[in-house]
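J.: Residue strings, one per chain:
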Amino acid sequence: MTEPLLSVRNLTVEFPTRRGILTAVQDISFDIMPGEVLGVVGESGAGKSMTGAAIMRLIDRPGRIANGEVILQGRRIDNLPDAEMRKIRGRKIGMIFQDPLTSLNPLYRISEQLIETIRTHLPLSETEARKKAVQLLDDVGIPDASRRIDDYPHQFSGGMRQRVVIALALCAGPDLVIADEPTTALDVSVQAQIIDVMKRLCAENGAAIMLVTHDMGVIAETADRVAVMYAGRIAEIGPVRDVIKDAQHPYSSGLMGAIPRLGANLERLTQIPGSMPRLSAIPRGCAFNPRCPHVMDKCRIDQPQAVQTAPGRRVACWLYPPQDGTTAAAERQSAE
Amino acid sequence: MENPNLVKDVPAEDLIVPVQAQGRLARALDSDIFYSWRTSPVTVVATLVALSLVLMAVLAPWIAPYNPFNPASLNLMDGFTPPASTGAFTDNYFLMGADNQGRDVLSTIMYGSRVSLFVGVLATLFAMTLGVSLGLIAGYNGGVIDAVIMRVTDIQLSFPAILIALLIFGIARGLIPASQQESMAVWVLILAIGLSNWAQFARTVRGATMVERQKDYVSAARIMGVHPILILLRHVLPNVLGPVLVIGTISLALAIIEEATLSFLGVGVPPTQPSLGTLIRIGQQFLFSGEWWILFFPAMTLIALALSVNLLGDWLRDALNPKLR
Amino acid sequence: MTKTLLDVRGLSRRFDVSQPWLNRKIEGTGKLYVNAVDDVSFTVKQGETFALVGESGSGKSTIARLIVGLLAPSKGDIVFDGTSLKDGLKGAKARALRRRFQMIFQDPLASLNPRWRVVDIVAEPLRVFERGMSNRDQRLRVGELLTLVGLAPEDGVKFPHQFSGGQRQRIAIARALAANPDFIVCDEPTSALDVSVQAQILNLMKDLQKDFGLTYVFISHNLQVVRHMANDIGVLYLGRLAEVAEAGALFDAPKHPYTRMLLDAVPDIEMTGRRRKQVEGEIPSPIDPPSGCAFHPRCPFANDRCKRDVPKVINGVACHAVEEGRIG
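Protein chains in written order, with the numbering used here: chain A, 1 to 336; chain B, 1001 to 1325; chain C, 2001 to 2328.
The hints are simulated quantities; they were obtained by calculation from the structure and are not laboratory data. All C-beta atoms in this analysis are idealised placements derived from N, C-alpha and C, irrespective of residue type, glycine included. Treat the hints with care, since some could be wrong.
Unchecked claim - In silico lysine-lysine, BS3-like type, Cα no more than 27 Å apart, as pairs:
#1 C:K2307 x C:K2045
#2 C:K2045 x C:K2003
#3 C:K2075 x C:K2093
#4 B:K1215 x C:K2003
#5 C:K2031 x C:K2206
#6 B:K1215 x C:K2158
#7 C:K2206 x C:K2003
#8 B:K1215 x C:K2307
#9 A:K199 x A:K245
Claimed, not checked - Just a few of them, taken from the derived set where beta-carbon distance is under 8 Å, the chain C residues facing chain B:
#10 G2069
#11 K2093
#12 R2095
#13 Q2102
#14 M2103
#15 F2105
#16 D2107
#17 A2110
#18 S2111
#19 N2113
#20 V2142
#21 P2153
#22 E2154
#23 V2157
Claimed, not checked - So, partial list: chain A residues that the calculated Cβ filter (under 10 Å) puts toward chain C:
#24 G20
#25 N79
#26 I259
#27 G285
Okay, chain A solo, but in the shape it has when bound (with noise of 0.2 Å):
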């Protein structure tokens, strides 16, 4: 069996505050193996980004990481020094966030952005920079690219600003790449596009991604497998056409039923009454049991830990419980 690329250990962040401590992510362990897309998906406040920012060590201050280890290719990094985490991030691990005007520098050229990001990572000379730069701009997708790598971020539509992100997050070859909404303010038009252009530069440089979205529809498109987050917690996680087919969480398939799909004409959509707990305000036991339609007392009581309920598949949920996977599956049989 291969080598993890990147596995987090029981990851706990943390944000003291005046009224007590905040939990925003809390005890999340996963792999992500070479090549792979991970699809981290949850609604505001699950703490999603959070986790993401973590594993980049850009959580800002008061909030800190608690708890837990982050391994990328056998070795920690969540308490490497400030100096050498740097050299991490780009080179081993690049980023895409939702909005392209933020990561870039309105002020400079696209051209000396990317030049000086490649040359940070990688011993090239400043024309042999320019030249992989420019290949780069081409495979993103991005016509004439030649001429346009001397504009400035403005001069670019938003499509082709993620574009410009994108060949930015991959100029030093990273390993991993970490896409935080990448598609969320692009129109559905262009989402596509983005997408597809992600997808295949990684696959083509052997990064593997870890994708955060609040969209189940890219990641139904895009990843091998799917974290479902709640209130900070994973609360399952699978591969993506299990998960979508047939969701074991109570949470993950009412967030499936949710959704508003083109085939079926509904008169209702499935609703979760209620809404997502703010952190200071996590319910004890299971976070989910004011929402969940099978909630038993168990529930209120104690935190549901993990549980592997088929190869590669983990549930958080009591009607899973730890010891027997059978009796677990013929329980929910019966609640439903």
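Keeping the supplied structure of chain A fixed, place chains B and C upon it in accordance with the hints.
T.: This is chains B and C only, laid out in the frame that chain A set:
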């Protein structure tokens, strides 16, 4: 399917919105603003200093050891009594010494702060009212009205405030008959300082108004046909008051200093109603002959007042700025 | 036959995006205009939902603001229940009309005054349209409305920031319903919300429509949501209508190439293996739109006529290729 929330046959008592759940005081004590005040020692000290100076000024007629303007209680022969000693010809005790006319410096400071604060507060309120109104009108209407108001603001801001105040003071003096000049002096001073300080308010409020009027709660009111003046007063004004409060505090400190400057120059309040500035003017005549206390104590009071109010303004600006939270 | 409640005729709106006067004189440039909405016509039937779909720059939000009177049209007319709104609204007749229409906005936080208590926010239409209503009656009505949208009367004393996004949108809906309107313009009401909350709000809006016979103009960029809500749909591209059709027909047999492209671009959540079709190009800038049919640079069926002439809406489709029978 029936809407489960559709209301039927429920007694009115169960549906009515209660009048108030949480008292204003409880809410204020729990607010982020109060927390940031409580956790900043400098601000707490500044508040205490400002508060005690204000109390001292307001309560002067009752707590001042002597009435410095009552000729009966004065003895010219007590003049220049040093601090913390008894007068030579009366039994009056002078904690901060006596001035050239035998007046108790502590008492004159108390009465003087009263005049300074009165002028400062009223001038700032006047500037605030004028500036906020013009800013609201300019920001909400835009176009030509906005252009005219903002150009006037620009011109106003390109003169030193003290120059404008002197100018207005001079013009007012020329218009008011000599017999009334004494009694009108304080009001003229308030008008002059107020008119030289409104531009900051106007400019800030105009910017904030332009942001707020784009927001959808204003659109919602416009769709209902709410009158623009009501929209400005009920919707926009409460939402632009934050920065107004900050500028208001800082410009209070400025107004107090401006008043002192004018009085120091001799164009401010009449000598019969000395303010801190007048006291400093009187005191500086004796600085080099060794009677330092006549200048020192009023000057320190002015500094303490302006500094504490300024510190409060600084804290307020940080506390209300979401970016610094 | 259902009655037509809203009739939009040849609606156009032009925005002046010129540089300031001094800059124009110095740089020698002329005035610059954007046609945000250009000759748009459609009708909305009473008790139904008419949806406007489009991407950025399509002018859909401008149309919403034109309908409720936040903007004045440059050309064309809006007829609401037989009354033309062209000449603006004045006097008692205006009040009677205004109380019949309301709007729900995209960002529920921005649409609620942060300094007001919820009870005052929801009661605002009552203060405008029910002058003389006692404070007790207002609070009673607000409590009723809050219950109706799934909140509690006790929530009335709180401030907007104490609620979640979905709850805030419920408050906005309660306010919209306060004066018993029959027509509501919804401008992307759920696009700032999470999926599970979006489902709650969409269900609520459908329930309310049924209970009170409401008519919606529903504006969205999300085709799945529109599919779920609308009876009729208008597809906008760069300020012009590309296609207007009954919802079922539009999704089953889209005619305009842009509509087809949009449908192909919807993510395949069912995982049927259908791949999103690659769409060429991006939306041009509305400041400098392409000549003729604005969609021609991205259209696989474009010919010389498409580059030259603006297509008219014929049988609900504005496309030369459909008109000439080049595509079916």
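J.: With reference to the structure, classify each hint as holding or not holding.
T.: Cross-check of the supplied hints:
no., hint, verdict
1, C:K2307 x C:K2045, "35 Å, violated"
2, C:K2045 x C:K2003, "6 Å, holds"
3, C:K2075 x C:K2093, "23 Å, holds"
4, B:K1215 x C:K2003, "34 Å, violated"
5, C:K2031 x C:K2206, "45 Å, violated"
6, B:K1215 x C:K2158, "21 Å, holds"
7, C:K2206 x C:K2003, "20 Å, holds"
8, B:K1215 x C:K2307, "39 Å, violated"
9, A:K199 x A:K245, "22 Å, holds"
10, G2069, "7 Å, holds"
11, K2093, "12 Å, violated"
12, R2095, "6 Å, holds"
13, Q2102, "7 Å, holds"
14, M2103, "5 Å, holds"
15, F2105, "4 Å, holds"
16, D2107, "7 Å, holds"
17, A2110, "5 Å, holds"
18, S2111, "4 Å, holds"
19, N2113, "4 Å, holds"
20, V2142, "5 Å, holds"
21, P2153, "5 Å, holds"
22, E2154, "6 Å, holds"
23, V2157, "4 Å, holds"
24, G20, "18 Å, violated"
25, N79, "34 Å, violated"
26, I259, "6 Å, holds"
27, G285, "20 Å, violated"
Hint compliance for this structure: hints 1, 4, 5, 8, 11, 24, 25 and 27 are broken, all remaining hints hold.
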